[in-house]
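With these hints in hand, go ahead and build the complete structure from the sequences.
Going down the list, the sequences are from chains A and B.
Position 27, counted from 1, in the first sequence is what the numbering used here calls 27; the numbers after and before it change by one each time, with no gaps.
Residues are numbered in the numbering used here as their position in the second sequence, beginning at 1, plus a constant of 425.
In short, the hints are calculated from the structure, not lab data.
Any given hint could turn out to be false.
Claimed, not checked - Among chain B residues calculated to face chain A with C-beta under 8 Å, some are:
hint	residue
1	Ala719
2	Ser742
3	Gln825
4	Ala916
5	Asp1187
Unchecked claim - To give a feel for the contact side, a few chain A residues facing chain B, derived at Cβ under 10 Å:
hint	residue
6	Phe128
7	Glu132
8	Asp161
9	Glu168
10	Gly172
11	Leu192
12	Met214
13	Ala216
14	Arg222
15	Ser227
16	Asn250
17	Tyr304
18	Gly311
19	His363
As the list claims (entries may be wrong) - Listed next, the stretches of chain A that the computed footprint assigns to chain B, with coverage defined by at least 3 CB atoms under 8 Å from CB atoms of chain B:
hint	region
20	90–101
21	180–190
22	195–201
23	291–300
Please read all numbers here as calculations on a predicted model, not as lab measurements.
Positions of the beta carbon are idealized from the N, C-alpha and C atoms, including for glycine.
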Amino acid sequence: MQLNRRHFLKGLAASSLLAPYSKVLANGLPASAPKRLAVFFSPNGTVHRHWRPSGTTYQFGFEAGSILEPLSAIQDKVIILDGINFVNATNHEGGMAAMLTGGGAGGVTGGKSIDQYVATELNASTRFRSLELGVQTSPWGGSTQTRMSYASSGSHLTPDDRPSSVYERLFGDLSGDQTEVNRLRARRLSVLDLLRDDIASLNRRLGSRERHKMTAHLESFRQMELSLAESVSGGCTYPTDTGPTGTNQNENYPEVGNLQMEFLISAFACDMTRVGSLQWSHTVSPTVFTWLGHGEGHHALSHYADGNTDGVARFVEAERWYAQQFVHFIQRLDATPDPLADGSLLDNTIVLWSKEMGDSRLHDCNGVPFVLAGGSASPFELGRYLQLGGVPHNKLLTSVCRGLGLQNNSFGDPNVAAGTLPELI
Amino acid sequence: MKILPSISLIFALSLFFGMGCGSHDQDSSEPFEVILIDTKPHDEATAEEDSESTDSPDTDAQTETDDDGTSSEDSEDNSEQNDITDESSEVEAEDSEDEAETDAGIGHLSDCNDDIQFFQSELWPSVLAPRCAGCHQAGSLAQDSRMVFRIDSTAQAETDNFNAAWVMALYLEEDESLLLRKPSGHSITPHGGGTLVSESSPEYQRLSHWVQRALDITPCSDTEEPEGDLSGTSDPEDPSDENDLAEPDPSFNPPILSELPPGRRLLRRLSHSEYDASIRVILGEATDAVANLAADNVVNGYSNNADALVVSPLLASQYAELAEELGSRVAYHNPDYQTCMTSESAAACFRTLLVDLGRVLFRRPLSNEELQRYFNLWYGIAIEDGEQEATRWAFTAILQSPHFLYRAELGSQVDDGFALTQYEIASQLAFNLTGLPPDDALLQAAGQNTLVSSEELMSEAARLIESEAGKAHFGHFLAAWLGLESIETVARNTALYPEFTPGIRTDMLRQTLKTGATWLERDAAFEDLFTSPLSFVSDDLAVFYGLEPPTTDWDSHGLREILLPETYPAGLLSHGSVLATYAKASASSPIHRGVLVRERILCQELAPPPPNLDTSPPAVDPSQSTRERYSEHASNPACSSCHDLIDPIGFGFEHYDAVGRWRAADGVHSIDASGAILYSPRSDAAFDGLAELGSHLAQSPDVAACFIQQWSEYLYGLHHDDTLEPSVQALKEHFASSNKNLKETLARFIELPHLKVRIEDDTVEEPLYPTNESPLTVLELLQGRPDFNAEPQDNDDDLGNGEDNGILTLTQTEASRWNSGACFDVMVTNQSTVEQTWRVEMPFEGTVNNLWNAEIIQTQGNTATVIGLSWNALLAPQASVTFGYCVTF
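Pasting the structure below:
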């Protein structure tokens, strides 16, 4: 479906109720191009010898059948980062917790994951400060193993695994008669007003230990209000298909993932958010790649030793599939016009493909495979293969922040490492 | 007296500890001090001889060469499994002199009976044996570390183990015992086995208690009771009788439940299933909407943890979306409301609905402040959109109110704590015992203050336990305890198991739920969970299991009662839900099943495999049986230290395939289902097959204690909460000495003060709960609106698209007043867009002795219903009529 920009803006302008809240994009494009971050996660480490490109920084290639070979289609838009370690973190759970936070509660980022830190610092006037989308991240419930985004130290965020829910949040109240849309928003705002009074009265009865629950609830209201008040950029398109009903059924994994990628791209294209993440399953992922003819779970495959060539080959197949999804995501971003600037979404987006461990058989977090991607306005020099020899990933996270125009000089635990990766920025 | 810190030697050993296996990161780490406070005057060499026994090259070699199965295969479905680890970082070997002395048969290093008892009853069986001894024994990974245990069951072994743990407690690093720092992951040289215990765990508390004893911080005293159970009855004169660790002391009396300290004040967000149950009450029908809410955080397998349940932006917006839909169903489909609207004013109907459903949703009557708040919202919207839309939005708001979404266990301040309100007690009883909000009977009892005495509470509890919901709740506990709900989604190879359909998966879960409910109903005891053949199967499931479908009556889900044959002998353990949840996509899994028993049934949490240990699983060799493929685990010490805890239990399940069906053979291989429980002194046993395993588990004091631990976590929605821990410990003790009847056990939870009283360690701005008040009338609500006085003049142009709203406003002014009477003028305004016949309910003070321009048609108490006369009964839109009256007092 295409969102009719003129129609929508007219509708907003006609609403006196919303006037104080709505920031209509009436004057065309903002002065500077927008900055966006997308995090793409896939689980269970890697097998380095099937992951590493061959060659040197500028002259590199992917061996036939290797995990990253699909990336040859977008080689000039990526940086392959080899030799990045998580310091003071090991294993599935430790890796998952440290991956986007840099570990530790200290430092300027205060335990936030990079998506949440960037979203807070950019503080863009968009309907959603950030979007966390997932693909079968929650059949085991929420825990350190199954979550990667942190709003603060120890407080992880739940990704939305359901395309239909994503659709409803993003576009559900944008279709239909404009007067009705505005009326709906006014009603929702007056409900939120009342609920604040209820929360205040309950809050007065709490001791400090329980009060954080009301604080979090109020913050949720604030973000809902934002999503009701902020305008969106028109002219964007979005899927109306909300996918299969069995969101958590193994065989629906590819379809759900594809839809979530489309929704994330639409959210960027409609300027509903500047920061988004897509989390495929979670560490210790049990996904069975039945569509590749597999009969064993991804985590089981990830543990086969090199001598088990058949088992490793199936793991590589699964990893290649994730690489193909990544390529698809990059190509779709590249094919979608930026609503706020010349060029494509990809041009003004830093994409970080992240994993939680290095060698999956060893349960360690050394040589964790990362890939950065971007387009013409990328702050990083693309089309390179960087062999970094074991640098703390805190520097990578700091570099990404700098690339987005932030000024922090460390990410996560500042005692581990400060500064950026000079190879990047 | 204690032999102790005789501190003959305090030596600072500057040691360069090696790196963790395979890790080369710490080559440059600073030297640090280990201070050993030695206990034995003549022991000079305790930690000096660095044997450098294992080092990273070994481990590296191992990880590279053992391609086909050094170790663990991690669970796919239930977090990590393990492999304990290599203590190769430990540099020193156990002192040889120690060994010599030990062999010669020295006694305990402490002659304090408290210490010995604590070791026997708490430290060894609950911590050291299951968590440490696997690696820390001769021939295993940590055989060269400073702490090595013996696992034979001789008197001397116990003494040696006591001494090994005692000495270890005295190794200090930065003034803290290594016995605490190592397993909690805080040591400068990482524990080779990784982080095994968190600081909040009972295991850590036991270790900490032990260290305090060793350092003489906790003095020896005959009257002192260390935390927890001291039921071990070692004869102080004869330290050799260590074999009766588990024997309860007949003279030991568990604490009196009603005298235990209560837990803390809580505000607990409804779990999704509690939310769903609440919605069902007001809609009168089920909704599956809740299935679409973002998944909740899970703590120790339970999704009702009070500390973990919070509202995120995603959940808040999903609540909002759901509330709009549900609000609409209330406003347009609530039968009482629809009926009311045909006879009463819209405002009165809304008020009635608000009072009635509000009491259900808030689990207490709304305060007048709240009534007014929701009425104001309703009124504002009614003017614009009509009263049904207004009702919809008012309920949309109520369904997002924190008073609905959170269960308060806060109470009002009393002398030295907070006494929960009657309604809070009613909620707790209902949710804890049935998973549902309080029903009308409970709310009425709360309103009448009859949830006070223990007889009253017990009788309500008994009613709830016996109810359908109460029985079903026990089935749900079993499913949550063993993590069975994932049976619906676990990935299974459909090519191998085409018969394992979604219907079969659901029937398996229902089998467990129904069997659990029935056990509670029929007064079963704890042992039945592992031994009872009673079960319920659908006809499809019976056929799937290879059984003749029973001929008993169907229940509403098509299940029929059956006594399972000897191929399915072990209560819960032989339910398909258990067997299929704990299996691999294409094969059975002794590991998944062994871990289930170890972690969930014995409550012995296993650590994740240490980093850098190659955990490649056994290669699939078709010439070997499943059991044979895992044999590497037993022969390779890197694996066996942990897998000895797991595999020998899991092998007992080998007669069941990946989808829970009994099989006579594993492919072409015959099945050896013999197994053993190891390193759990009170539960150790060899067994053959599931029936024997079930019998052993049913008799194990560890399993009994674990069951209470798990049930407490489920009932209280808290995980190892400090303030509640004494209560849980006491419940375990009571359970251990009881007949283990399930219903009686459940009733014991009701005796704890936690149900009625709470503590708070902070000051509270509003420590008192508002007192009960009679709810505001419609007139009072109308008059209580903030813009009430401005109303008649406020002819807003925005008004007017409601089709049929019945809004009337009243303005009353006092015309005159004297000692014994007064006269008033009342203006009635039709705020709606349609002409209507007016009718108002209003309170009078005194007796009406004069009334003009209107008539009273009904009086109830001091409230009268007033209507117009023939000439002013019909009121045009936006028009007003005035009447007057006088009263005498």
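Checked hints:
no. : hint    : result
1   : Ala719  : holds, 4 Å
2   : Ser742  : holds, 6 Å
3   : Gln825  : holds, 6 Å
4   : Ala916  : holds, 4 Å
5   : Asp1187 : holds, 3 Å
6   : Phe128  : holds, 8 Å
7   : Glu132  : holds, 7 Å
8   : Asp161  : holds, 7 Å
9   : Glu168  : holds, 6 Å
10  : Gly172  : holds, 8 Å
11  : Leu192  : holds, 9 Å
12  : Met214  : holds, 7 Å
13  : Ala216  : holds, 5 Å
14  : Arg222  : holds, 9 Å
15  : Ser227  : holds, 7 Å
16  : Asn250  : holds, 5 Å
17  : Tyr304  : holds, 6 Å
18  : Gly311  : holds, 7 Å
19  : His363  : holds, 5 Å
20  : 90–101  : holds (count 4)
21  : 180–190 : holds (count 4)
22  : 195–201 : holds (count 5)
23  : 291–300 : holds (count 5)
Taken one by one, the earlier hints all hold for this structure without exception.
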